[in-house]
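Chains as they are written, first to last, in the UniProt record's numbering: chain H, 1 to 406; chain L, 1 to 419.
Please keep in mind that the hints were generated in silico from the structure rather than gathered at the bench. Remember, predicted model here, so these are calculated numbers, not experimental data. Mixed in with the good hints there might be a few duds.
To be verified - Covered by chain L, per the in silico footprint, the following chain H stretches (three or more residues, Cβ under 8 Å): (1) 98-109; (2) 155-169; (3) 193-201; (4) 336-350.
Even glycine gets a Cβ: it sits at the ideal position worked out from N, Cα and C.
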Amino acid sequence: MPRIRPSALIKAYRDNPLLPLLLKECRTLGSARNELRWLREHALRTSQTRTRQQPNPTTPLAEWKMHLISMCRQRSRGYPLQYILGDQPFGDLEILCRPGVLIPRPDTESYVVQAAKLVEQMATASERSSTSTDKNDPKPLRILDLCTGTGCITLLLHALLSPRFEHLRVMGIDISSKALSLARKNLDHNLQQGLLTHRASTDIQFHRADVLGFPPGADGGDDADGIPNVEKILSEYFDQPGETEMSEAPLNLEPGCDLLISNPPYISSSDFRNGTTARSVRLFEPKLALVPPLPPQFQQSPNPTPTPTSAMGDVRPEDIFYRRILELSYKLRTKVTVLECGDIKQAERVIEMHNFMAPGQDRFQDPFDVQVWPNNEQDMAFYGFHHNEGSRCVIIQRGVRSSDSK
Amino acid sequence: MLQCGRFMRQPLRFSLQPFLRRTLHTGVSPVLLTRARLLAAEHAKLSSRLADSFDAKIAKRAGELAPSAAILKEWDNANESISELKALLEDPETDAELHTLATEDLETSREALPSLSDRLKKSLIPRHPFADLPCLVEIRPGAGGDEAGLFAYEMMRMYMTLCSRKGLRPTILKQDVEDGPSEDRLLEAVIEVEADGAYDILRTESGVHRVQRVPATETKGRTHTSAVSVMVLPSFPESGSASDNALNFDDPTSDYYIDPQEVRVEKMRAGGAGGQHVNKTESAIRLTHIPTNTVVSMQDERSQHANRRTAWQMLRAKIAEARQEAREQELVQLRRGAMGGVAKMGREIRFSRCTDHRSGITLHNLDDVLAGGDGLESVMESVRTWISDREVEAMVAEELAKAEEQEKKEKKEKGQNKK
């Protein structure tokens, strides 16, 4: 990290004595100034509500200033602004942020918007090709969000797609109970603010499950620590009740899933330590949401249930979530899969993995369309991506050209 | 020096204009009368058609014409009664009692006539294309350094209070202050006024506002002169809400359409790791409309999404205003300089007086003006009258030019016929 020039610090100090504190984390004067403004507004707002609750005539002015100073000190230690202010805008939504749950990133916002666009395009295309009888079919649009965290993706997808789709079911899954309770709180919060339609409360579900957990075998599907297995949850969710409930081949289902989207942990343990990951993220955001766990017992112990991917050999430890999610995506016969990746290289590895793993007969029946997004100048400029650095997402679409072959 | 750009483009004119250029037109010029008759005839035709079958477009047009038609009728009635009364007076058989009554009636009718013709003229002015829209008010200090920034800040507060007092729902979209310890030196501010028709109300405020006073920052008691430019821009509704409207900016055939290809988007972000690796709070965005080199930057909101939306709103507003102005300029050209357009002249504040050089009004209760009170409203009202007078003049000039052309054509045709 380049050193901040003393002259810049002095200039910042002359502007406002609190600016140098913020400059430590923000690195540029412009963004430090913006943060100071947001913090000041927050301090004023909280002091106003506090004085309204219990009027305190003695120096209410100093109180908010003290609050502001302490917030700036926190920020200078790298404590995330979103945890201080308590929320982060995400699309048109207001997502509450609490320590222990990953803060939504603007990159993810772009991926969600793009995913919603693709789903809408897909629906328009199928409406055009299908006969009118399909329109009366109340089959809902099904969306699955794995590793949901604050629930930001789930909620924003509902906000974006609910005007178009009358029947919509979105499920968010996470392993962390802290994240899940925050996700539910976010659902209520955005309903209260009127940012989500009242339908959201019935359309959206959050479930606790271990995405990495392996298919239900001898142990009955639950992990040792009582976290339900993701496949069990999914089979209950996607199966029509009463139909092949715990069959031999779970999840080999026709209805399937329309959109599977995920922002799983994808940072390698070396990138977490070597400075690629920002200090603020490393120190204050949950490692659980950032770095995938090392699976030593999986690689060494004799595997009771051989997965179809075990032949693939070495998957990098930071990519293990993608393998698992791709597997689930094939099982659910997902139409669109959107996976956030740390950089272009990781995205390319995911595509390679997909090419290796994609079920052969599916590939023949309805070809997959795979792309790394954003891949053109216009999208990159519009959403503000660097042309070769920063995050990317992999979009896998099934049977884009299948409508005429069938 | 960027903020001086607009200021330079619209050079200050020290007002040596006559105090009140507004002249009292007692009569309605024949060209305007023919125009009024045409409009009334159109209105009658449309209403009869509406009686048969309803059509939203026709109803809208008829609604626009209704006031002119109604006033023309009133005006006709007044003229008729005057001529009748005159006839009555001239008639030698009228008895004395009736004679006095008629004289009284004639007087009242004559008194009513000028205001009627005034109203008739104003109803003939074509409505401003943006009149029904909400608006954005952009305030930038011009020459004058710190003092200009201070004054710009005061102006911003002034418009905020004025708008909230009138219930126009103002919000500050952007407020850039100068580097430094104080918060009251503005670099640029944008106020969004959400109420429909706010554009028409605040349109009088576009222009350069000069201030001459001893600023609060002055230690030696010298007088400073500085200037602040105010732009009132139309604020377009979100896309989709106005599909049949001519102002629909998504429609490539619309006059106010902006091709997204011509806009360069810059989110000021550097390279390096992204996604989960970092948690940047930077949300600034900058749009450049390449053909006109119009730049808009936004950084006030924490959400990039919100900043992007506001930036687009600003860009659209600026370009639409520029295009509208260009069109007005063309009209002026057509009139062959017979009439200037509505000049964006300014208002001047000197010590404790506020003078508007357009309407020529001078107020002495400056504090009330700067507090956004009734004083400001009376200034705005006077400017509004001034603008509509200018528009009437322009309209007369235009109609005259049209009539002249018509005559020439007819003469030519006659000449050809003779041959």
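Which of the listed hints are not met by the structure? 2, 3
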